[in-house]
Amino acid sequence: MKVNEVTNLLSHYRHDWMNQLQILHGYASMGKMEKVQEKLQDIIQGSQEESKLMKLQSPHFALWVIRFNTQYDQFRLTYTIQSHHNLEQHDQELLLNCQNVMNIFEDYINPLKLYMVTLVVSGQDKPEVTLSVDGDLDKNKDLLERLEDQSYRKDVQAVESENGHTYTMKLLLNER
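For the sequence shown, the residue numbers in the numbering used here are 11 to 186.
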């Protein structure tokens with residue numbers, strides 16, 4: 011990363027933290043302590059997930075996850091880390107595969123809509139990465155075919171949701 015990219019990332023990060031603090035301050039000033047507690051729990055949970063993300067030892071992938079919401083305007087990412095695997099050997103592979111999947115989805119979105127992306131890193135014996143995208147997706151047959159053509163994925167599924175369709179797939183990690 012270049013220096014200006016780092017400062018831009020830190021600026022976005024600080025901005026997000028300030029937004030969180032302003033929400034907490036607003037709830038506290040209105041005496042809504044239950045809302046303050048809920049928001050604090052959300053912040054703590056998000057920080058714990060970020061800590062688990064860093065412990066995967068996959069810096070390029072982790073940076074992509076952290077920067078996701080600033081890089082993809084029409085998508086919002088939530089992620090859950092349920093694995094303690096060291097993914098260092100899969101770092102570049104994970105980064106490229108996730109970027110490729112998102113590039114495919116960008117070809118099928120409505121620029122006036124927002125799409126929810128869920129990323130789960132799980133697995134006891136072997137790490138698994140599952141990516142889901144939910145929203146009003148057009149041309150879903152073509153999209154499904156393009157996703158199925160990718161060699162780094164398996165189990166692509168498309169199911170109807172209240173927002174349109176949810177596409178879910180597992181990203182394969184090459185044995186090393």
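Check each hint, because a few of them may be wrong.
To be verified - Under the rule of at most 20 angstroms between Cα atoms (straight-line distance), these lysine to any residue pairs were calculated in the SDA-like manner:
#  : residue 1 : residue 2
1  : K12       : F78
2  : K151      : Q134
3  : K123      : S61
4  : K123      : N150
5  : K136      : Y89
6  : K151      : Q167
7  : K123      : K180
8  : K65       : Q134
9  : K49       : K65
10 : K180      : T90
11 : K151      : T90
12 : K151      : K136
13 : K123      : Q47
14 : K164      : N150
15 : K65       : E103
16 : K65       : S171
17 : K164      : P121
18 : K123      : D146
19 : K62       : K45
20 : K49       : Q32
Stated by the list, open to error - Derived Cβ-Cβ restraints for the label pairs, each shown as a range:
#  : residue 1 : residue 2 : range
21 : H25       : K62       : 39 to 49 angstroms
22 : M43       : Q109      : 41 to 51 angstroms
23 : M43       : M11       : 20 to 30 angstroms
24 : N184      : I33       : 26 to 36 angstroms
25 : G41       : S161      : 54 to 64 angstroms
26 : E155      : L31       : 43 to 53 angstroms
Don't read these hints as lab results, they were simulated from the structure. Every residue, glycine too, gets a C-beta built ideally from N, C-alpha and C.
Fill in: Violated hints - listed by number, lowest first
2, 3, 7, 9, 11, 12, 13, 16, 17, 19, 21, 23 and 24
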